[in-house]
Structure formats: structure tokens, C-alpha cells
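So the protein sequences, as listed, match chains G and F.
Going by this note's numbering, the first sequence opens with residue 41, and the numbers climb by one from there.
Going by this note's numbering, the second sequence opens with residue 938, and the numbers climb by one from there.
No lab work stands behind these hints, which were simulated from the structure alone.
Remember, it's a predicted structure, so these values are computed and weren't measured experimentally.
Beta carbons are placed, not taken as given, at the ideal position from N, Cα and C, and that holds for glycine.
Check each hint, because a few of them may be wrong.
[Said to hold, decoys possible] List time: in silico DSSO-like cross-link candidates among lysine-lysine, alpha-carbon distance up to 30 Å: (1) Lys94(G) to Lys950(F); (2) Lys94(G) to Lys78(G); (3) Lys950(F) to Lys78(G); (4) Lys950(F) to Lys108(G); (5) Lys994(F) to Lys111(G); (6) Lys108(G) to Lys994(F); (7) Lys45(G) to Lys96(G).
[Stated by the list, open to error] Which stretches of chain F does chain G cover? Using the computed rule of at least three CB atoms under 8 Å from a CB of chain G, they are: (8) 969–981; (9) 987–1001.
[Said to hold, decoys possible] The calculated label-pair distances, taken between Cβ atoms and stated as ranges, are: (10) Ala81(G) to Glu989(F): 38 to 46 Å; (11) Asn1014(F) to Ser52(G): 38 to 46 Å; (12) Gln43(G) to Asn1014(F): 23 to 31 Å; (13) Pro976(F) to Gly100(G): 27 to 35 Å; (14) His116(G) to Arg1004(F): 21 to 29 Å; (15) Val118(G) to Gly953(F): 47 to 55 Å; (16) Thr85(G) to Phe1006(F): 37 to 45 Å; (17) Gln43(G) to Arg1000(F): 33 to 41 Å; (18) Arg946(F) to Ser52(G): 42 to 50 Å; (19) Ser959(F) to Thr85(G): 18 to 26 Å.
Residues per chain, in single letters:
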Amino acid sequence: DQQVKQNSPSLSVQEGRISILNCDYTNSMFDYFLWYKKYPAEGPTFLISISSIKDKNEDGRFTVFLNKSAKHLSLHIVPSQPGDSAVYFCAASYVNAGNMLTFGGGTRLMVKP
Amino acid sequence: KAGVTQTPRYLIKTRGQQVTLSCSPISGHRSVSWYQQTPGQGLQFLFEYFSETQRNKGNFPGRFSGRQFSNSRSEMNVSTLELGDSALYLCASSPGGPFYEQYFGPGTRLTVT
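One chain only, chain G, in its complex shape (with noise of 0.2 Å):
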């Protein structure tokens, strides 16, 4: 049962254009949500996170949205450069998990010069 669910595999856009990525879950006891970037053969690298008192949290280039009634979370940016290319992951947690995150599968974003 996964409860979340990152449900594009891979993404391309072109250089200065935005990238949207979607992120939806089922727990409706989730309340903070992450959004994390991975390099091959590399940890992953925290972006932004949003609780769910918000709607919208921004920092430079990356916007995530949140929609709550519809449990789904999304990441912006833009615009978008070579260096974004990458693997990026959602995670979900809520306050009686402690710092237990459940991760989307993660989706592939390639930026083309």
C-alpha cells in the first residue's frame, strides 16, 4: 500500500522553462511534507518542505503547493536549469512519527540545454 505516490516516472523540460512535479498521498495523518533531490551515487538533498497549515511555501526557484482536500502536494521551479536534472522525491510525515518519512518513488527530471 503506498501510501505515497510520486505517479510521473520521469520528466524533461527545456532550460528556462518550468518544471512541475506532482506528489500524492493517501494518509490523511500526514501533516509536513519534504520535497528531497538525489544524485546517483549520492544521499539525498533537502529542497523545501511545507507543513500542512500552509498552502504554499517558497524558497527562490522552488515553490511547493499543497492541497489538502485533494492530498495532493506539488514542487515548482523555475526556471529550470541543467544542474536540476536529477531524481526528486516527496516524503510525508506526521507529528507521532518522530522523524519517519515515507517517500514517493521518486521522479526523474532531466533539463535540456
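Given chain G, work out where chain F should sit, using these hints.
For chain F alone, kept in the frame of chain G given last:
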């Protein structure tokens, strides 16, 4: 500030053996979590230690165990290795939690033959 370090980076073991992996968290971080990444199952939570106590445990058999020392360094042990234990084992640290982002180490690539 130094990041999360994991040793060894690569390991080859034979089925039936046991293995111990080590993780040194970021200085000042008291929570250490362990994750297993495989192509088939993705990133899965193993367990979390906070102030030397296991705070959460994922859905893994008892062959997987861990501990945390007073300096917050952590080890995980896998006994009676099976071929399916071949994976990237990632350690993540955070100041406490919940709702703190976790910082991942580069991982230990374990191959069981």
C-alpha cells in the same frame, strides 16, 4: 559544519554473514534515522534513534537492528544476510523533530552475494 558521514561506503558480503554499518550525524543533531533504498521498493524507513532510544521502527524483520551511542553516532546491524538485503543504506540526522528537515549521508552500498 561537517555533514553526515557513513562508513564504509561500499561493502560486499556473502549470504548468511552479518554486517555493521556506521553513521556519524551532524554535530548537535540528536536524531538519527536509517533508510533502505532498493530499485524495487524505493526508499523505506528502517528505524530512528533519538537520545540513544529507538523512537520509531519500520516494517523490517528483526534481523535489522540498530543502536545509538551517547555521542549520537549510530550503527545498524543486519544479521544472516539475504540476497534481497543488497541495497543502498542511508543514514539521516536532524536536530530532533518532528518537523525538522533531515540531512542524509552518502549511503553505504551493500552487495550480498
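Right, here's what the structure says about each hint:
no., hint, in the structure
1, Lys94(G) to Lys950(F), "violated (46 Å)"
2, Lys94(G) to Lys78(G), "holds (25 Å)"
3, Lys950(F) to Lys78(G), "holds (26 Å)"
4, Lys950(F) to Lys108(G), "violated (45 Å)"
5, Lys994(F) to Lys111(G), "holds (25 Å)"
6, Lys108(G) to Lys994(F), "holds (27 Å)"
7, Lys45(G) to Lys96(G), "holds (20 Å)"
8, 969–981, "holds (count 5)"
9, 987–1001, "holds (count 4)"
10, Ala81(G) to Glu989(F): 38 to 46 Å, "violated (31 Å)"
11, Asn1014(F) to Ser52(G): 38 to 46 Å, "holds (41 Å)"
12, Gln43(G) to Asn1014(F): 23 to 31 Å, "holds (27 Å)"
13, Pro976(F) to Gly100(G): 27 to 35 Å, "holds (32 Å)"
14, His116(G) to Arg1004(F): 21 to 29 Å, "violated (41 Å)"
15, Val118(G) to Gly953(F): 47 to 55 Å, "holds (52 Å)"
16, Thr85(G) to Phe1006(F): 37 to 45 Å, "violated (26 Å)"
17, Gln43(G) to Arg1000(F): 33 to 41 Å, "violated (24 Å)"
18, Arg946(F) to Ser52(G): 42 to 50 Å, "violated (31 Å)"
19, Ser959(F) to Thr85(G): 18 to 26 Å, "holds (21 Å)"
The structure shown violates the earlier hints numbered 1, 4, 10, 14, 16, 17 and 18.
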